[in-house]
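The residues making up each chain are set out below.
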Amino acid sequence: MENRLAIEILGVAFPNPFCLSSSPVSNDYEMCAKAYKAGFGGIVFKTIGPKDYLIDEVSPRFDATSKEGTPFLGFKNMEQIAEHPYEENLDALRRLKKDFPDKVLIASIMGNDDESWAYIARDVEEAGADMVELNFSCPQMTSHAMGSDVGTSPELCRHYCEIVRANTKLPIIAKMTPNLAEMNTVARACLEGGADAISAINTVKSITHVDLDKLVPLPIIDGKSSVSGYSGAAVRPIGLRFVSDLARDERLKGAPIGGIGGIETWRDAAEYILLGASFLQLTTAVMEYGYRVVEDLIDGLNRYMVRHGCEHLEEMVGLANKNVIPAEELNRDYRYLPEIDEEKCLKCLRCVVSCYDGAHQAISYDEKTRKPTIDENKCVGCHLCELVCPAGAIRGGKVVYKAGRKVAKPLL
Amino acid sequence: MVPMRYLEEMARGLDARAALREASRCLLCLDAPCSKGCPAGTDPGKFIRSLRFLNEEGAAYVIRINNALGALCARLCPTESLCQKGCLRAGLDKPVDIGGIQRYLTDLEAENGWEFLSPGEDTGKKVAIVGSGPAGLEAAAVLRSYGHGVVIYEKEEQAGGVLRYGIPAYRLPEEVLEREIKRILDLGVELRTKAEVGRDVDSDALKKEYDAVLYCIGYTKGKVVEPFKGKENVVSALDLLRKIKKDPASFKAPENVLIVGGGDVAMDVIGSLKRLGSRRLVCVAYEELGEFRASQKEFGDALKEADSIIAGYVPESYDGKETVFRHRFLESRLSIKADLTVLAVGQTYEAEGLPLVFEKGTVKGTFHTSGDPKVFFAGDIAPEKGKLVVHAVKSGKEAAMIIDRRIGGHKNGK
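If you're matching them up, the sequences are chains H and G in order. Residue numbers for the first sequence follow our numbering, so the first one is 20 and each next one is one higher. Residue numbers for the second sequence follow our numbering, so the first one is 23 and each next one is one higher.
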């Protein structure tokens with residue numbers, strides 16, 4: 020099948036939109052080379068910090084949440100930025116660019132003062148990076164002059180963007196923290212400071228679990244723990260929201276957006292793209308399943324595009340955003356009533372439980388046959404029953420217009 | 023040396039992750055059908071939901087408070103025809119492994135030393151229970167929870183009845199049985215072994231000493247039918263299994279064995295003999311394949327152990343070595359020579375010297391009460407349908423409740 024996934028962003032040609040994010044999965048030359056070979060279109064090399072900034076990691080450093088046997092519903096990470104020596108990281112960048120000239124190499128950087136932001140930017144450009152990503156968002160740095168404490172301040176972000184802008188000709192991506200009520204103010208400040216693109220989201224500050232016997236959150240490090248970043252499938256809805264918020268903001272002047280947060284499948288990828296991302300980054304799925312996840316991301320997305328007659332990835336970007344509107348503008352003239360498919364219904368009556376306890380007491384059942392029936396007068400059409408039905412036996416049925424409201428066939 | 027294959031539990035239990043995954047398969051039905059499928063009244067809908075919401079201790083409580091032999095039923099029940107029969111998950115793929123989850127939770131209970139049962143406040147009343155099989159043990163637990171004094175009379179050397187002397191070790195490991203029995207004895211039940219009522223102990227004396235006497239003597243005698251009556255090299259399955267369980271180390275498994283019967287007991291004979299060294303096992307059943315009475319689990323296991331299982335044949339003649347069968351419907355004869363022929367064709371009671379009147383294999387009477395106001399009965403000998411361990415549990419529980427009402431004085435029961 021032909022590859023429809025190539026996309027050009029800020030003059031840089033991506034063979035496909037899938038990149039490793041700056042994280043434990045892009046830690047050195049060997050890991051990145053393996054990812055390229057597996058099919059990733061680009062990698063964001065693990066954040067390179069100041070020469071003299073010592074990275075000293077804890078053990079253990081991860082935790083995961085799960086639900087009903089599904090591991091890695093969410094993932095907590097306490098690792099900081101690259102721990103290899105500065106020169107070794109630059110050397111890895113050089114070798115990666117030399118060995119994989121057709122792949123995209125993005126250097127993630129993080130300074131702790133004007134001087135360090137400047138020289139790191141210069142050094143990574145010299146080493147051969149195609150783009151530079153400014154890490155304003157790591158939530159587990161041991162210095163408050165670094166990471167997400169910087170990312171919450173529009174002034175600091177604008178300032179460091181200006182410094183980097185003055186020291187490199189490379190396209191600049193500013194990586195956002197989601198630990199904000201809204202992201203657009205900081206993103207605008209970054210563009211004003213000279214950034215060309217925005218990537219979102221970095222991890223969400225979290226505590227995943229508390230050991231109920233030791234009374235210490237996980238992971239336990241010498242009897243203590245810390246707040247740190249949460250990622251994986253659980254944060255995807257948060258990532259999608261921020262990406263759409265950014266893409267719909269005209270003041271961001273159409274700056275390219277890198278979508279990050281819980282991408283595991285091509286469907287997740289397609290959702291980010293349709294909400295405005297033109298390139299994507301992932302880590303948690305790789306930590307759980309390996310670089311090979313890229314195979315089905317590429318193949319699945321490509322097949323989706325073929326099925327929908329979409330020739331170029333570019334055409335997909337942001338297509339769903341016109342359908343994201345303020346709540347006050349939504350059509351509230353009708354009720355869309357669910358219907359129960361008797362053939363599929365297992366008679367477990369989960370719909371009855373949820374409708375009674377969580378909605379509007381609109382489903383009753385026959386005690387002998389266990390057959391559930393929806394009372395059309397009581398049903399508000401919330402579709403909670405459809406969401407809880409384990410058999411997929413409940414779907415939308417007919418539309419009922421509210422009294423005195425406009426009668427016009429809605430798009431369902 | 024007894025082979026480990028005989029002593030070790032055959033079926034592997036679910037670990038914590040597998041149990042939670044299995045619980046997550048539960049649809050959490052309203053008014054769950056599984057909860058109506060247990061003769062003993064266990065509520066899987068409730069304990070699976072508790073596990074699903076990570077309340078393991080609460081889940082184990084739900085099982086134990088209802089059934090003092092919950093860890094045994096988890097292993098022995100033919101769940102496919104009881105709780106799992108109604109499981110609506112089957113409409114999607116296959117029923118939830120309710121027995122597996124119950125076993126996990128009762129094992130967890132033992133591992134953590136959770137104690138859910140406690141005796142009721144002393145009522146001053148005393149009940150004698152004759153027989154320490156599943157019906158007697160459950161009755162003892164319930165009566166103690168009401169605060170009545172309980173003394174169990176057991177004719178064998180150890181408590182347990184069929185659980186001890188019938189069910190093979192690989193299906194029910196001794197330590198599991200010991201745990202269940204100890205938990206009940208720890209409620210303050212006195213156990214008198216080698217005390218056969220009707221022989222060592224006078225049944226009238228019991229009536230005088232106690233406020234009630236509950237007979238749970240079980241079906242302890244394997245039937246020997248024609249053409250095998252009085253012939254050599256024939257043994258009833260119950261006698262054989264009892265002999266093995268009493269002293270597996272000195273049991274010498276015959277080389278070639280013919281097993282007659284198609285129920286769980288026949289399957290137990292197959293599994294036991296194969297593990298203990300018999301070479302050829304041929305099983306011939308009266309039932310046709312579709313009518314086999316053995317549980318799915320037991321029949322499936324036996325298929326792996328037996329060399330031949332032949333359905334639909336009736337024994338016609340036996341000469342001490344060779345049995346000739348004829349097919350039930352077609353013109354067909356089958357003759358099999360074996361070193362030993364084991365009959366697993368049904369069981370009955372042994373009730374000499376007991377104040378019980380039998381009619382068609384069960385005691386005459388209703389609701390566990392005989393004509394004598396002090397004499398009660400439960401378990402296999404009760405006329406109610408069902409001879410599984412779980413039916414005995416149900417029967418013992420019901421008898422205890424009736425006795426409690428009859429003798430009065432219970433302040434603590436529910």
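Hints were generated in silico from the structure; no laboratory data involved. In this text, all values refer to a predicted model and were calculated from it rather than measured experimentally. In this text, a Cβ means the ideal position worked out from N, Cα and C, and glycines have one as well. Heads up, a few of these hints could be off.
Below, simulated DSS-like cross-link-like pairs (lysine-lysine); rule was C-alpha separation at most 30 Å, straight line [what the hints assert, rightly or not]:
#, chain 1, residue 1, chain 2, residue 2
1, H, K387, G, K68
2, G, K58, H, K390
3, H, K233, H, K86
4, H, K366, G, K107
5, G, K265, G, K382
6, G, K68, G, K116
7, H, K366, G, K58
8, G, K268, H, K363
9, H, K387, G, K116
10, H, K387, G, K409
11, H, K70, H, K224
12, G, K382, G, K359
13, G, K147, G, K268
14, G, K265, G, K216
15, G, K265, G, K251
16, H, K387, G, K230
17, G, K68, H, K363
18, G, K343, H, K366
19, H, K397, H, K387
20, G, K396, H, K363
21, G, K116, H, K86
22, G, K230, H, K86
23, G, K107, H, K387
24, G, K204, H, K366
25, G, K243, H, K387
26, G, K274, G, K58
27, G, K230, G, K243
28, H, K390, G, K107
29, G, K68, H, K86
30, G, K116, H, K390
Just some of the chain G residues that point at chain H, by a computed CB distance under 7 Å [what the hints assert, rightly or not]:
#, residue
31, R43
32, S46
33, L49
34, C51
35, I87
36, L110
37, G113
To list a few chain H residues with every Cβ distance to chain G over 10 Å, as calculated [stated by the list, open to error]:
#, residue
38, G30
39, E106
40, N186
We went through each hint and held it up to the structure:
1. A distance of roughly 21 Å separates the Cα atoms of H/K387 and G/K68; the hinted pair therefore holds under the 30 Å criterion.
2. Between G/K58 and H/K390, the direct Cα distance comes to roughly 18 Å. Compliance with the 30 Å bound is thereby established for this hinted pair.
3. Between the alpha carbons of H/K233 and H/K86 the distance comes to roughly 22 Å, so the proposed pair stays at or under 30 Å and holds.
4. Under the criterion of a C-alpha separation no larger than 30 Å, the hint pairing H/K366 with G/K107 is consistent with the structure, at around 15 Å.
5. Between G/K265 and G/K382, the direct Cα distance comes to roughly 28 Å. Compliance with the 30 Å bound is thereby established for this hinted pair.
6. For a cut-off of 30 Å, the pair hint linking G/K68 to G/K116 stands: about 20 Å separates their Cα positions.
7. Annotation: proposed proximity of H/K366 to G/K58 holds, straight-line Cα distance about 15 Å (limit 30 Å).
8. Of the pairs offered as hints, the one joining G/K268 and H/K363 is violated, with about 53 Å between alpha carbons and a cut-off of 30 Å exceeded.
9. Restraint check for H/K387 and G/K116: satisfied, since their Cα atoms lie roughly 23 Å apart, inside the 30 Å limit.
10. Between H/K387 and G/K409, the direct Cα distance comes to roughly 29 Å. Compliance with the 30 Å bound is thereby established for this hinted pair.
11. The suggested pairing of H/K70 with H/K224 holds, with an alpha-carbon distance near 27 Å, which does not exceed 30 Å.
12. For the hint pairing G/K382 with G/K359, the CA-to-CA distance comes to about 34 Å; that exceeds 30 Å, so the pair is violated.
13. At roughly 35 Å between alpha-carbon atoms, G/K147 and G/K268 are farther apart than 30 Å, so this suggested pair is violated.
14. About 17 Å separates the Cα atoms of G/K265 and G/K216, which keeps this hinted pair within 30 Å; it holds.
15. With a CA separation close to 20 Å, the supplied pair G/K265 and G/K251 stays within the 30 Å bound.
16. Proposed proximity of H/K387 and G/K230 is contradicted: the alpha carbons are some 50 Å apart, above 30 Å.
17. Taken as a hint, the G/K68 and H/K363 pair is honoured in the structure, with Cα atoms around 25 Å apart against an allowance of 30 Å.
18. The hinted pair formed by G/K343 and H/K366 fails the criterion: a straight-line CA distance of about 56 Å is larger than 30 Å.
19. Among the hinted pairs, H/K397 with H/K387 is consistent with the structure: their alpha-carbon atoms are about 23 Å apart, no more than 30 Å.
20. In summary, the hint linking G/K396 to H/K363 is not supported, as the alpha carbons are separated by about 55 Å, beyond the 30 Å threshold.
21. For the proposed pair G/K116 and H/K86, the alpha carbon gap of about 21 Å is at most 30 Å, so the pair holds.
22. At roughly 60 Å between alpha-carbon atoms, G/K230 and H/K86 are farther apart than 30 Å, so this suggested pair is violated.
23. Restraint check: the Cα-Cα separation between G/K107 and H/K387 comes to about 17 Å, which is no more than 30 Å; the hinted pair holds.
24. Distance hint between G/K204 and H/K366 is unfulfilled; the C-alpha atoms sit about 42 Å from each other, more than 30 Å.
25. Note on G/K243 and H/K387: the hinted pairing is violated, with a Cα-Cα distance of about 43 Å set against a maximum of 30 Å.
26. Note on G/K274 and G/K58: the hinted pairing is violated, with a Cα-Cα distance of about 44 Å set against a maximum of 30 Å.
27. Pair hint G/K230 plus G/K243 holds up; C-alpha atoms about 29 Å apart against a cutoff of 30 Å.
28. A threshold of 30 Å between alpha carbons decides the hint, and for H/K390 with G/K107 the separation of about 19 Å falls inside it, so the pair holds.
29. This hinted pair checks out: G/K68 and H/K86 have alpha carbons roughly 19 Å apart, not beyond 30 Å.
30. Simply put, G/K116 and H/K390 have alpha-carbon atoms about 21 Å apart, close enough for the 30 Å limit, and the pair holds.
31. Interface restraint check: G/R43 against chain H, minimum CB-CB distance 4 Å, threshold 7 Å, status holds.
32. Using the Cβ-Cβ criterion of 7 Å, the hint placing G/S46 at the interface with chain H is satisfied: the shortest such distance is roughly 4 Å.
33. At a threshold of 7 Å, the smallest CB-CB gap from G/L49 to chain H is about 4 Å, leaving the interface hint in force.
34. Because the beta carbon of G/C51 sits about 4 Å from the nearest beta carbon in chain H, less than 7 Å, this interface hint is met.
35. Restraint check, G/I87 versus chain H: the minimum CB separation of about 24 Å is more than 7 Å; hint violated.
36. At its closest, the beta carbon of G/L110 sits 5 Å from a beta carbon of chain H; the interface hint therefore holds under the 7 Å criterion.
37. The criterion of a C-beta within 7 Å of any C-beta in chain H is met by G/G113, whose closest approach is roughly 4 Å, and the hint holds.
38. With 10 Å as the threshold on Cβ separation, the claim that H/G30 sits away from chain G holds: the shortest Cβ distance comes to roughly 49 Å.
39. For H/E106, the condition that its CB be more than 10 Å from all CB atoms of chain G holds, with the nearest at approximately 45 Å.
40. Distance check on H/N186: its Cβ is at least 52 Å (rounded) from any Cβ of chain G, clearing the 10 Å threshold; non-interface status holds.
The structure does not agree with the numbered hints 8, 12, 13, 16, 18, 20, 22, 24, 25, 26 and 35 stated previously, though it agrees with the rest.
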